[in-house]
Amino acid sequence: MRILPSLLRTLALAMTLAFAPAIVFAQSADDAFARLNADSFSDTARAIDILVQSAHPNAAVIIEALADGRLLAGGGAVAVKTKEGSFLDARTGQALAAPPAGLNPVRLNNNVRRVIQGALGGLGLINPDPAKRVAAAEAVFRARDVSVLPVLEAAIAKETNDRARRALREAQAAILIAKTDAPPFDRIAAVDVLRERGDQDALATLRALPGDATPGLKEAQARAISDIEGKLALWRAGQNLWYGLSLGSVLLLAAIGLAITFGVMGVINMAHGEMVMLGAYTTFVVQELIRAHAPVLFDWSLAIALPAAFVVAGAVGIAIERGVIRFLYGRPLETLLATWGISLILQQAVRTAFGPTNREVGAPSFMSGAFELGGLAITWNRLWIIVFAALVFLALLAILKLTPMGLQMRAVTQNRRMASAMGIRTGRIDALTFGLGSGVAGLAGVALSQIDNVSPNLGQSYIIDSFMVVVFGGVGNLWGTLISAMSLGVANKLLEPYAGAVLGKIALLVFIILFIQKRPRGLFALKGRAVEA
Amino acid sequence: MITRFLLSNMDKRGYAFLVLVAAIGLLVPLANLLMPAGSPFHVSTATMSLWGKYLCYALLAISLDLVWGYCGILSLGHGAFFALGGYAMGMYLMRQIGSRGVYGNPVLPDFMVFLNWGELPWYWYGFSSFPFAMLMVLLVPGLLAFVFGWFAFRSRVTGVYLSIITQALTYALLLAFFRNDMGFGGNNGLTDFKDILGFNVQAQGTRAALFAMTCTMLIAGFLIARGIVGSKLGKVVIAIRDAESRTRFLGYRVDRFKLFVFTVSACMAGVAGALYVPQVGIINPSEFAPANSIETVIWVAVGGRGSLVGAALGAVVVNWAKTMFTSGFMAPYWLFALGALFVFVTLFMPKGILGTVQGWWEKRRKPEALPAADPAPAE
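So the protein lines, in turn, are chains A and B. Counting along the first sequence from 1, when you hit position 308 you're at 307 in numbering that gives the first Met the number 0, and nothing is skipped either side. Counting along the second sequence from 1, when you hit position 46 you're at 45 in numbering that gives the first Met the number 0, and nothing is skipped either side.
Just so you know, not all the hints are guaranteed correct.
Facing chain A, according to a computed beta carbon distance under 8 Å, are these residues of chain B, among others [unchecked claim]:
#1 Leu73
#2 Val101
#3 Phe150
#4 Arg155
#5 Tyr160
#6 Ala171
#7 Phe177
#8 Pro289
#9 Gly338
#10 Val342
#11 Leu346
Quick caveat, the hints were computed from the structure, so don't treat them as lab data. Every residue, glycine too, gets a C-beta built ideally from N, C-alpha and C.
Can you build the whole structure from these sequences, using the hints too?
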């Protein structure tokens, strides 16, 4: 692991000023310069150790130059060629007027390189910035260079930051556990430290225990390995759960609009997937416009695309309802066919307008990248989609529960004729519901454009899954859709490691087919005579 | 008695259909085999195979019309039964290749050798025998339909829900057959066939025989469907379509009638698939695609739901139009046309071509008669 050169220069200074007294002077720096002149790999390696341990003011510069092949030696003199091409005296750090004659670059082999890595790590251990000390400790952890041990121990004694101290201790443990002449008790303690760390690296370090281990050490090692493996399995399960929630929120977004229209109107809208696709293409168009006219706004492109997608998909939805579905009331199967026809037309229209290939939709800066939470790797876009799905869900819930329109929608869902008799204009409610459901599908399209290919077939890949969610969750109940989407998503991802992606999906489909036999109206069915009709 | 079962309630249109199909089944192969290539009466082998394909689709449409048009079960998974029948036939044809495959393995089909399989999976046993394979063509789709229908109809899954789970069924099969581990050739399916019953599949004579066989099966399927629909059982089935609850209250075991019709229909679809495969030369998992099954529904709707002749007619007309469209400069617009067809037929021609034409005809003959009110289902 390379430490940044700029950082090295500051730390060399810091080392001399603050920590030098704590370091035991094993040999004088002169010895190191003599060894650098000897042109032997083992002497070079030893010289690096001495430079680090003697806390020579130029140690960082010298070692860094050595790593880059810019350290010259010959005739007792050692010089550093800087990156700019000028020359410094390695001992004093003074600039040299003329390029010294008779000096050759100090040669490296793999062993020396490894020592250099460890030494650079060791130098980083006493950086004033705790984050850099942690990074250096990680480097030492991986390099496991025994020669850094004294520096490491000194650094631990001085360390005040808890996180850095833990990292340093782990690095020390990684070295100790492989050091056959270390006291057995220390090595067992090192095993414990690694067990605490409990990640894949710790596991690898523990597995690499030399064969000389005492029975006690071996036992501790076996216990630690099984401990870590158990913990890692737990994290993996947690990761799968996270993937499952992420898939569940995608399913929720895709299906919730369908659930509303199906609930209120009793028709299956086969063109629902195409509304999702329209939302995704709206995002694409909005981004293209922003790229062309106002690149500054790019990070806001999704926020701008959201209302646009809602309006586009919602308007198309209302047009479909007024133009086709309204004439097919009481004939749900015919509606299914007609909307399938519409979906074909929309797909082909998009294919004609935008071409059959995938379109590139960019991610705003806040949605790219990932971070780690414990043992979980979490990508920002997935996190945002979960948040977004939750917001959409809450907004719909609020619309249904708090607005007059929601009240009327629920009334029509429960008993269309009675609602009509009470003066609700059911036709208008149907159109608005269809518009709302389609608009939500458009919103889903904006989210899906971030994680899926934006192609004319985008909707097709979600439509069957959405049906499954709606059918499983039951009709006319948003909570049913939520629970259904999340449980299907999680079950899918938890099955995947055991059965593979395809078999897991097949198993779920078969499960739903069987489940429908048991509860033909889904998990949360509306009760009442009117619903039976 | 069987003749009476098959020919009872046969109307003029039915007889006309039978005569037409029989004539095509006889004349087209003869025109292909006996007429010289330059003659205006000559039918090329490619054309004959193409029409053979249409007629397989017609049989599939009749099978779907039996459940949808007469029993009210909108199956969006009939393509699955068609494809299963096709796969049964494909497996027989694969076994007939013998050691003539690319890898020359006398037992294993090429794709198994390619996947390093040691021996034939158990479910491939027996498919080297033609009678066994033909039994499977009927049995596999029939059994699947029976088990599926047994569960679905007993628990009274109806309407849209049933359509959705039939779609889930064919989608699950699609995913399953895409897997290489299933032992059905994965993505590529089964192809590169050589012989059927010892005759070369590609040969002109075999093609003609397959075409004649397709016509025979179409006639047989039509007669069976007609027989079922015209029988007392058929009346109950139609009653179930129109008022399921009322039929149940009258004491009929609705689920058993539905199960019977559904299973027979699946077997018919299987036969259609089995005839389709040797004429097309390939069967792959895309036949399971839900879109295919929905397209089958539109054939029936175009021709005339609730009319067996109409279903067959719809299948031929739509597929002929598809060939016309997709082979010319209009190719990009085929999906527009198909989509518009879905919308147009459901909105303006709920009875399909045949029903609409018949409506005009009757209006012209009895202009004074009041239009019959469309009785709304009592449920």
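Hint by hint, here is what the structure shows:
About 5 Å separates the beta-carbon of leucine 73(B) from the nearest beta-carbon of chain A, less than 8 Å, and the hint is met. Using the Cβ-Cβ criterion of 8 Å, the hint placing valine 101(B) at the interface with chain A is not satisfied: the shortest such distance is roughly 27 Å. The interface hint given for phenylalanine 150(B) holds, since its Cβ lies 4 Å from the closest Cβ of chain A, which is under the 8 Å cut-off. At its closest, the beta carbon of arginine 155(B) sits 6 Å from a beta carbon of chain A; the interface hint therefore holds under the 8 Å criterion.
With a least beta-carbon distance of about 6 Å to chain A, the hint placing tyrosine 160(B) at the interface is held under the 8 Å criterion. Proximity of alanine 171(B) to chain A holds as hinted, the smallest CB-CB distance being about 4 Å (cut-off 8 Å). Contact between phenylalanine 177(B) and chain A, as hinted, is supported at the beta carbon level, the nearest pair being about 7 Å apart and thus within 8 Å. Taking 8 Å as the C-beta cut-off, the interface hint given for proline 289(B) holds, the closest approach to chain A being about 7 Å.
For glycine 338(B), the interface hint holds, since its Cβ comes within 8 Å of a Cβ in chain A; the closest pair sits about 3 Å apart. Taken as an interface hint, valine 342(B) checks out: its beta carbon lies about 4 Å from the nearest beta carbon of chain A, inside 8 Å. Given the 8 Å rule on beta carbons, the hint for leucine 346(B) holds: about 6 Å separates it from the nearest Cβ of chain A.
Against the hints set out earlier in the document, a violation occurs for number 2 only.
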